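S.K.: Residue numbers (the working numbering), protein chains in the order written: chain A, 1 to 321; chain B, 322 to 617.
Treat the hints with care, since some could be wrong.
Here's a subset of chain B near chain A, in silico, CB distances under 8 angstroms, partners left out [stated by the list, open to error]: (1) S446; (2) Q447; (3) Q458; (4) I462; (5) E464; (6) E487; (7) D513; (8) V515; (9) F520; (10) F521; (11) R522; (12) G523; (13) N526; (14) L527.
Between beta-carbon pairs, the in silico distance windows are [claimed, not checked]: (15) A:D275 - B:V467: 54 to 62 angstroms; (16) B:D366 - A:R268: 57 to 65 angstroms; (17) A:D298 - B:K490: 33 to 41 angstroms.
Covered stretches of chain A, as calculated for chain B (at least 3 residues, CB under 8 angstroms) [claimed, not checked]: (18) 93-105; (19) 244-257.
Think of the hints as simulated: they come from the structure by calculation, not from any bench.
Since this is a predicted model, take the numbers as computed values, not measurements.
Every residue gets a Cβ at the ideal spot worked out from N, C-alpha and C, and that includes glycine.
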Amino acid sequence: MAGDDAAGAAPALFSARLNNIRPLVNMLRTIGFRPRATCAISSSGLVFTVEEAQSIVAQAYLRTDLFAAFSYNAALAREQSPDAGDEEPTTYVALPLDNLIECMMLFYGPSGSSGSSSSNTGGGIQSAALGGGGAADLRGASTAHIAFNGLGSDFELMLEERGVISVCRMATFLPEAAADLDFSRSPVVQQLIIRSEWLRDAFSELDPTSEAVGIAISSTAPYFRVSTMGDSGSTEMTYSKDERVLDSFFCSEEQENRYKLSLVLRCRLALALSDKTKIRINQRGFLSLQFMIPTDADVSFVNFLYAPLVHADELQQQQYQ
Amino acid sequence: MRFRALVTNANLLLRVVQSIDKLAKSAILKLTPEKLHIIVITDVDSGLQLWSDVAVNALFGDYRIESAHGNEIYLEFSIENLQRALRSAQGALRTTLKLTKKQGLPVLSLVIVNQSGTGRELTLSQDVPVRVLTPQQMDAIREPLVPDSQVHIMMPPLNSVRSIAERIKSMGDRVAVSANGEGEVTLRVSNDLVEITTFFRGLENLAYDTQPQDAGGVASPDRAPAEFYTAVVDMRNFLRFLQSYHVAPRNIVCCIIEHHALVFYVYIGSAGYSVGALNDQTTCGSLTYFIPVRQV
């Protein structure tokens, strides 16, 4: 397949190394509900984006300090897309996310034990000879190299653990135009940070038979309310403005918005891994959930962005028609 | 036709049967004056086959066999039934295996004698229904003829190979298994979107005699040691082989005959499977797995 890097050939566009692949796998699994993702590669790191039904966009931000080594050839990128202008050079590529995650979990051991966190001693490669030595049970804390050489070449992943090496090559595609859910286009009117464990409790109470989940934020009590209306009745959870529960509370416009529940629930894995969640709603009613996930290198972020089911303005317009 | 023997190593017999448990529902037992053979054929043309043999004196004492056909007896049985029966025989005081009839139908009867707390003997009988095969039927079942292999190599630990194979199985319905003369084995799976190659190194090759050449024939040149021989087999068959061990033994020899088959040999020692060396005096039997190369 194209893209092989022979010694002395043109320098690679992008390559990176990880001493332990588990944190990366966890981050990608939080957005792993779609088969395909777009990956944006720049000198700041990688951003993986998935989208569904023009109503939800999820992004995992992988900064360069999450990697043991990270190299992006900005000059080469500029050459490859000369009309990118002055923006920071970025390479966009679409790839099969489900296959990428499965490949990264190749050395996790029998399926079903992927949840175990038993790890290798240290993070280094153990190059014990196989076939005669001690128990060569692979535990998933593999070292990994990833590389990509521009559109038309494969996305390469090389894993190594206890002397066993796997090379995975994935087909890449032209990225599709992203759904237009630009959150920053409209001012933020509501914001709060909540400890994720509270939000997890709230989510587990939500009635799955309800089509929508309502989120209402107000500068008077109840300040934050999450509600559903399903077959067996309605549920409602409210939160006080207590600093132990809500942090950085801000509300310049009272609003209640409704979002498709099944899509909102896509964020549960990100929620489960995070310590805190920042909830923001803009004037158009779009909801941004930013999950702060602790990793070795400080905090990493996963963002979920939702379009509202019916915006308040549209409702008013309908009434006048 | 008569068969009766005292089971002296019920544990070994159970382990052999346990190895084949995942392969199929039924198997063939061929009893001869010297050896006990177990044969499993999943699909005559395209499936995995297992041919195994164990010396009778590693399993039995007071072994008596008699038949009109060279004192050989051929039986078809359900693996699960025999396994269940053998499990009840573990740790027994005395176990006897015999071919007999119950209610007019042939069965292999396992007579298990245990000692109760008070010292009395308790006898338990476990019957495994069998179908007796005629010599003609047995004749039709032939061990696959396979040309000499091009490479022999010791497999890496089976549980590692199995866990990797289970994760790559969704990527394709066939797997290319390759080996060379420098201790390397690779597995490759691919589909439209992804190709995965896994490399195992530092393995032991086995020396083998060079093939005799036909007079006047053109000898195919041996490849350089670093070059690979490859057999492309059905993923399902490969997985069946990998899953057929409860406790992964270490000494499995992999042989590749390109365009023909993938063959695995496991040598059985009287204490179990961990035979120190292939020519070990304690070797009392072997299991041979044949996986045919996939026909396009």
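S.K.: Take the hints in turn and mark each one as holding or not.
M.R.: Tested hints:
| no. | hint | result |
| --- | --- | --- |
| 1 | S446 | violated (38 angstroms) |
| 2 | Q447 | violated (32 angstroms) |
| 3 | Q458 | violated (39 angstroms) |
| 4 | I462 | violated (34 angstroms) |
| 5 | E464 | violated (28 angstroms) |
| 6 | E487 | holds (6 angstroms) |
| 7 | D513 | holds (7 angstroms) |
| 8 | V515 | holds (5 angstroms) |
| 9 | F520 | holds (5 angstroms) |
| 10 | F521 | holds (6 angstroms) |
| 11 | R522 | holds (6 angstroms) |
| 12 | G523 | holds (4 angstroms) |
| 13 | N526 | violated (11 angstroms) |
| 14 | L527 | violated (12 angstroms) |
| 15 | A:D275 - B:V467: 54 to 62 angstroms | holds (60 angstroms) |
| 16 | B:D366 - A:R268: 57 to 65 angstroms | violated (48 angstroms) |
| 17 | A:D298 - B:K490: 33 to 41 angstroms | holds (38 angstroms) |
| 18 | 93-105 | holds (count 5) |
| 19 | 244-257 | violated (count 0) |
Against the hints set out earlier in the document, violations occur for numbers 1, 2, 3, 4, 5, 13, 14, 16 and 19.
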